[in-house]
Amino acid sequence: NAGVTQTPKFQVLKTGQSMTLQCAQDMNHEYMSWYRQDPGMGLRLIHYSVGAGITDQGEVPNGYNVSRSTTEDFPLRLLSAAPSQTSVYFCASRVRGDGYTFGSGTRLTVV
Amino acid sequence: KQEVTQIPAALSVPEGENLVLNCSFTDSAIYNLQWFRQDPGKGLTSLLLIQSSQREQTSGRLNASLDKSSGRSTLYIAASQPGDSATYLCAVIDDYKLSFGAGTTVTVRA
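If you read the sequences in order, they're chains F and W. Quick note, the first sequence lines up with residues 1 to 111 if you use my numbering. Quick note, the second sequence lines up with residues 1001 to 1110 if you use my numbering.
Watch out, some of these pointers could steer you wrong.
[Claimed, not checked] So the derived label-pair ranges between C-beta atoms look like this:
#1 Pro1008/W / Lys14/F: 39 to 47 Å
#2 Lys9/F / Gly1060/W: 27 to 35 Å
#3 Asn1022/W / Gly97/F: 19 to 27 Å
#4 Asp1027/W / Asp38/F: 19 to 27 Å
[Stated by the list, open to error] Think about it this way: if two alpha-carbon atoms lie no more than 20 Å apart in a straight line, the pair counts; the simulated EDC-like pairs of lysine to aspartate or glutamate are:
#5 Lys1042/W / Asp38/F
#6 Lys9/F / Asp56/F
#7 Lys9/F / Asp73/F
#8 Lys1001/W / Glu59/F
#9 Lys1001/W / Asp56/F
#10 Lys1042/W / Glu30/F
#11 Lys1001/W / Asp1095/W
#12 Lys1068/W / Asp98/F
#13 Lys9/F / Asp1039/W
#14 Lys1097/W / Asp1027/W
#15 Lys9/F / Asp26/F
#16 Lys1097/W / Asp73/F
#17 Lys1068/W / Asp1039/W
#18 Lys1001/W / Asp1084/W
#19 Lys1068/W / Glu1003/W
#20 Lys1068/W / Asp73/F
#21 Lys1097/W / Asp56/F
#22 Lys1068/W / Glu1056/W
#23 Lys1001/W / Glu30/F
#24 Lys9/F / Glu72/F
#25 Lys1068/W / Asp1095/W
#26 Lys1097/W / Glu30/F
#27 Lys1042/W / Asp1095/W
#28 Lys1001/W / Asp73/F
#29 Lys1001/W / Asp1039/W
#30 Lys1097/W / Glu1003/W
#31 Lys1068/W / Asp1027/W
FYI, nobody ran anything at the bench for these hints, they're computed from the structure. Here a beta-carbon is modelled for each residue, glycine too, at the ideal position from N, C-alpha and C.
Modelling step: build the complete structure from the supplied sequences, incorporating the hints.
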């Protein structure tokens, strides 16, 4: 039981490049979500999913896409990276009625 | 919109002292409340989950209380140790979403 696995752990992108942050969980959790953590701004919700095939926007969705084709995976796509997307990204999951489990994070720098 | 506030923002105590961390939220219609610990450069580790129907939850030296009517939760850490130094985050669970406080950074001096 690996919990929530995020890859990569670190990434440097050039402005305008695209990339996908991977998130996988092996706990059969219904809910999955992506957060970004910035100094002085705390943790903010980007996108979330309440089940396979169902996604919705959170507080700061602009510049990001998600899809959920399976229960296990919830990738986050940066369409055209901008320096404002430099952040630490966390994926989290839970089953309804229980608490959230977080991944170890992806530290992204856009130059 | 749910607003979560944590006071104090930082706390420094000598080893052995009890810690009291406060969390307040504006909307009492919550599902659950969860306390996390975050070490520098690391992810979030869940400490305690309090269901909305519960008044408190305990795990070892940690005890968390919840008063929905007043919009408050308190995390107590007994007999603090240097290893307790970290940032503690309070998060309110509104079904699909977590609303986080800014955290309390704790330093326990040996």
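Given the hinted pair Lys1097/W and Glu30/F, is their Cα-Cα distance within 20 Å?
With Cα atoms ~13 Å apart, Lys1097/W and Glu30/F stay inside 20 Å; holds.
Would you check the hint for Lys9/F and Asp56/F, treating anything up to 20 Å between C-alpha atoms as holding?
Violated, because 25 Å separates the two Cα atoms, which is more than 20 Å.
Between Lys1068/W and Asp1095/W, is the straight-line Cα distance small enough, at 20 Å or below?
It holds: about 16 Å lies between the C-alpha atoms, which stays within 20 Å.
Hint consistency between Lys1097/W and Asp56/F [alpha-carbon to alpha-carbon, up to 20 Å]
holds, 11 Å
Given pair status - Asp1084/W, Lys1001/W, alpha carbons within 20 Å
violated, 32 Å
Go ahead and decide if the range 19 to 27 Å is satisfied by the Cβ distance of Asp1027/W to Asp38/F.
Once the Cβ atoms are compared, 24 Å apart, the range 19 to 27 Å for Asp38/F and Asp1027/W holds.
Note whether the CB distance of Pro1008/W and Lys14/F lies within 39 to 47 Å or breaks it.
holds, 41 Å
Please work out if Lys1001/W and Glu59/F have their alpha carbons no farther apart than 20 Å.
holds, 11 Å
Lys1068/W paired with Asp98/F [C-alpha distance capped at 20 Å]
Within the cut-off at roughly 18 Å; holds.
Check the hint pairing Lys1068/W with Glu1056/W against an upper bound of 20 Å on the C-alpha distance.
holds, 11 Å
Measure nothing beyond the straight line between the CA atoms of Lys1001/W and Asp73/F; if it is 20 Å or shorter, mark the hint as holding.
Measuring from Cα to Cα gives roughly 29 Å; hence the hint is violated.
Would you mind confirming whether the straight-line C-alpha gap from Lys1097/W to Asp1027/W stays at or under 20 Å?
It holds: about 14 Å lies between the C-alpha atoms, which stays within 20 Å.
Hints 6, 10, 17, 18, 20, 23, 27, 28, 29 from the list above are not met by this structure, while the remaining hints are.
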